[in-house]
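J.: First to last, the sequence lines map onto chains Z and C.
Quick note on the numbering used here: the first sequence kicks off at 56 and runs consecutively.
Quick note on the numbering used here: the second sequence kicks off at 1104 and runs consecutively.
Treat the hints as calculated values from the structure; they're not laboratory data.
Being a predicted model, the structure only gives us computed values, none of them experimental.
Glycine is no exception: its CB is placed at the ideal position from the N, C-alpha and C atoms.
Hints are supplied without guarantee of correctness; some may be wrong.
Simulated pairs of lysine-lysine, BS3-like, Cα-Cα distance not exceeding 30 Å [unchecked claim]:
#1 K234/Z - K144/Z
#2 K234/Z - K266/Z
#3 K144/Z - K1270/C
#4 K1270/C - K302/Z
#5 K280/Z - K219/Z
#6 K280/Z - K302/Z
#7 K291/Z - K266/Z
#8 K302/Z - K219/Z
#9 K1175/C - K219/Z
#10 K1270/C - K1228/C
#11 K1270/C - K259/Z
#12 K144/Z - K1454/C
#13 K1175/C - K144/Z
#14 K1228/C - K1294/C
#15 K1175/C - K280/Z
#16 K302/Z - K1175/C
Label-pair restraints from in silico Cβ distances [unchecked claim]:
#17 P142/Z - D1249/C: 22 to 32 Å
#18 K1230/C - P122/Z: 42 to 52 Å
#19 A1349/C - E120/Z: 47 to 57 Å
#20 T321/Z - Q1300/C: 27 to 37 Å
#21 A293/Z - D1249/C: 49 to 59 Å
#22 I258/Z - N1185/C: 36 to 46 Å
#23 R123/Z - T1274/C: 28 to 38 Å
#24 E108/Z - D1249/C: 47 to 57 Å
#25 R71/Z - A1250/C: 45 to 55 Å
#26 G72/Z - L1231/C: 52 to 62 Å
#27 E108/Z - A1408/C: 36 to 46 Å
Looking from chain C toward chain Z, a few residues come up when the C-beta cut is under 7 Å (computed) [said to hold, decoys possible]:
#28 L1126
#29 A1127
#30 D1130
#31 R1134
#32 Q1161
#33 A1164
#34 E1167
#35 A1168
#36 V1171
#37 K1175
#38 A1419
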Amino acid sequence: MNVSALTAAELGRRLRGCGLSLRTGAFVALVRSSVPSVAEGIGALYADFPLEENSDFADFHIGLEPPRDLRRWIYPQIVFDFDGHAPFKPLPFDQAFPMFEWGLNWCVSSHSHQYLIIHAAVMEKDGFAVIMPAPPGSGKSTLCAALVNRGWRLLSDELALIRKDDGQAVPLPRPVSLKNASIEVIRNFEPTAFINRECRDTIKGTVAHMKPPRDAVLRAQETAKPGWVIFPRYRKDAATVLQARPKGGTLMAVADNAFNYSLLGTAGFHMLADMIDACDCYDFTYSNLDQAIEVFAALQPPAP
Amino acid sequence: MKPERDLVASALRDPAALVSWTLAEWDLLVRQARRAQLLARICWLMHERGLLQQVPEQPRAHLEAARVVSDKQDRAIRWEVNRIRHALTRVGIPVILLKGAAYVMAELPSAHGRLFADVDILVPKEKLPEVEAALMMHGWAATLHDAYDQRYYRTWMHELPPMTHVKRETTIDVHHAILPETARLHPDPVKLRAAAQPVPGAQDLQVLAPVDMILHSATHLFSDGELEHGLRDLSDLDGLLRHFSAEADFWQHLASRAQELDLARPLYYALRYTQRILTTPVPDSAVAMAGAGRPSRLLEWLMDALFLRALRPDHASCADFFTPAARGLLYVRSHWLRMPPLLLVRHLLHKALVSPKDD
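Isolated chain Z (complex conformation) (with noise of 0.2 Å):
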C-alpha cells in the first residue's frame, strides 16, 4: 500500500497516533507529527513511496513536535525529535517540512555507515549511475531536477550510497531539494512537475520540494553501477563545457564530499578507487538546462 492510498484525515490520524512507517530506498523511517504542514508534505511529496503496514522494524524513529514551551504562544517552533532526543536546535514552525527532510537525511548520513555515503546527486541510464558530487551553490540539485525529468532516472539528490559488497549505487528517492532561484528555473523547465509549497527565510533561502517521477519510486530497490562521476558547475552566461578530469584528483575530492570516507579507513580507499576506477570523470561547467540534457544524453558508457 501506497501514502496516496490513505486519505488526508487518514494520513493525519496516523502520524498524531502510532506513526506513518514510511519506506525509502533501503530505509523504513517510522514518523509521527501533529503538525499539519508535515502531513501535507508528506500526502503529497511522498504519494508513491510505500507504507510498511506488517513490519515490526523500523531503521529510524523521528518525531516532529513544537516544544511544549511557552513560546509556542508567542514564536510557535518546531523541534526533530530522534528517538526521544532532538539532534539539532528548534527552528521556526513553518520549517517543519524542510526540518523532515533534512532531519531525515541527517539519519541516514550519520547512522549508515555499512554504505559509503558522499554528499552527491545520483541519477542512472540504460544501468550505469551517474555521480554527481558538489558543495552547495554549485547547481546540483538544480541540473538533477531538470536531468530526472528528460529520462534519467533519480537515485538521491543528496546521498550517493555506495554498497560495500559490490560498489553498487543503492537508490534513496526522496523529494528533490530546490532552493531560491532554482525552484522558479526548474517550474519554468518542467511545468508539470510538482513542486510544493515555498518556505521562506531558512538557513538556506527559500527552499521548496519537487516530488520525485513516480519511476524512480517504484524501482527504489533496484541499484546501479557507477559508471560517471561529474562535478557540476553553474555558472551564469557559462557555455556548456563537459571536460575530463584526472582519477587522482577526482578521488581527493569525493573524498572531500563524503560523509564517511575517514570513518571506514582502508575499506572507504578502496571502494572509492575501486568506483573511481571504473567511471570516467569530468567537471562540467553549465548554464543551460536544455544543453546540459543533451551533454548527459550523449555520455557513452565508460570503456570496461
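Got chain Z; can you put chain C on it based on the hints?
T.: Quick look at chain C alone, frame taken from chain Z:
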C-alpha cells in the same frame, strides 16, 4: 518497578539468544543500545560467537554500522596514544593509560566495540607542570578559559582542565589521582602507579594492575553523576571481571586491594550491580570478602532504587515514573561525594550566580 524492558542488558547477558528474537524486539534493542552506546559491543558479541549472519538483515545493518564507528575509534585511539607518548618522551616518566585507552592498548575484551571520546592518563602530581607544558608544546591547548573553571580543576580536582589538540580536536584528561582531592574516599595514587604494568611491546606505556583497573572503573562509575552511559561502563566492568577472574587468588586479591585503597564501597557496588544486571559470575566467597564495603540496609535499599534505574539505557522505554528523580539524585550525590558541604555550596553558588554572567 516496571517489568524488565532493558533489552540491552538481556542481550549482554545472553547474546546467543538474540538469534531467535523477533523483529519488534530487535527494533527496541537497536534503539536502546544506540542510546547506551552499546550497539557496537552487541555486534562484536554476535561476531565473536559466529552468529552475526543469523541476525535479521535490518538490525544487522545497524550493528555493522556501529562497528565501523568503534573500529575507527580503535584506530584513532592507537594513533592518539602514539602522539601522547611522542609528546611526553622528554618528561621521562611512563605514561599510565586509564579506562578506554588502557583497554585498547592492553588488548582487553572490554575494548571490543567500545565507543569513547577522550584519552585519560595518570601521572605523578609533581610532574603535572612538565606534562602540561610538553602537551602544549605538541599542540594540546586548554579548552576551559574561565578563570574559575581553571581554579576549580587545579585546586580541587584530580585532573588538569581537559586539553584539546588544536589539529586533531582530540581531548586528553591528565589525572594525578582517580578521585578529587576533596572527595570522601582517598585511594593513594602512589600505590596505583607503583603497581602499574607495562603494555606488552611498549616499555614507556603502562596500564593499571588488573585489580586496580577494576577498582578504578568501579570508582568512576559509582561516584559519577551522569550515568547516560552507565550501562556501557557496567559492561566494561563485567568484561574486566570475567577476563581477570581466571587468575589465581583474584577475588581475594581484589577485596584486599579495595581495603588498602579505601575503595571497598565502590567494589561492593560493582559486584552487586554487575551480578544483578549482567549476571556476572561472582563467587559467594568473593561477595563475602567484599562485604566490608556493604552499606547499611537502608542505604543499600536506596542505592538499589537509584542504580537499578540509572544503569538502564537512557531511553523512554526503560524509564518509569521515578527514573528522572533517580538520575537527578545520583547527580546530586556525585557532587556530595566530590566535595565537603561548604565547598560544594560555594561551588554551586559560583556556578549559579557568577559564571552565567561571563556568557
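J.: All hints are to be evaluated individually against the structure, with a verdict given for each.
T.: Going down the list of hints, with the structure as the test:
| no. | hint | verdict |
| --- | --- | --- |
| 1 | K234/Z - K144/Z | holds, 21 Å |
| 2 | K234/Z - K266/Z | holds, 14 Å |
| 3 | K144/Z - K1270/C | holds, 27 Å |
| 4 | K1270/C - K302/Z | holds, 28 Å |
| 5 | K280/Z - K219/Z | holds, 13 Å |
| 6 | K280/Z - K302/Z | holds, 18 Å |
| 7 | K291/Z - K266/Z | holds, 26 Å |
| 8 | K302/Z - K219/Z | holds, 20 Å |
| 9 | K1175/C - K219/Z | holds, 16 Å |
| 10 | K1270/C - K1228/C | holds, 27 Å |
| 11 | K1270/C - K259/Z | holds, 29 Å |
| 12 | K144/Z - K1454/C | holds, 24 Å |
| 13 | K1175/C - K144/Z | holds, 28 Å |
| 14 | K1228/C - K1294/C | holds, 13 Å |
| 15 | K1175/C - K280/Z | holds, 27 Å |
| 16 | K302/Z - K1175/C | holds, 26 Å |
| 17 | P142/Z - D1249/C: 22 to 32 Å | holds, 27 Å |
| 18 | K1230/C - P122/Z: 42 to 52 Å | holds, 48 Å |
| 19 | A1349/C - E120/Z: 47 to 57 Å | holds, 51 Å |
| 20 | T321/Z - Q1300/C: 27 to 37 Å | holds, 31 Å |
| 21 | A293/Z - D1249/C: 49 to 59 Å | holds, 51 Å |
| 22 | I258/Z - N1185/C: 36 to 46 Å | holds, 40 Å |
| 23 | R123/Z - T1274/C: 28 to 38 Å | holds, 34 Å |
| 24 | E108/Z - D1249/C: 47 to 57 Å | holds, 54 Å |
| 25 | R71/Z - A1250/C: 45 to 55 Å | holds, 51 Å |
| 26 | G72/Z - L1231/C: 52 to 62 Å | holds, 58 Å |
| 27 | E108/Z - A1408/C: 36 to 46 Å | holds, 41 Å |
| 28 | L1126 | holds, 4 Å |
| 29 | A1127 | holds, 4 Å |
| 30 | D1130 | holds, 5 Å |
| 31 | R1134 | holds, 5 Å |
| 32 | Q1161 | holds, 5 Å |
| 33 | A1164 | holds, 5 Å |
| 34 | E1167 | holds, 5 Å |
| 35 | A1168 | holds, 4 Å |
| 36 | V1171 | holds, 4 Å |
| 37 | K1175 | holds, 5 Å |
| 38 | A1419 | holds, 5 Å |
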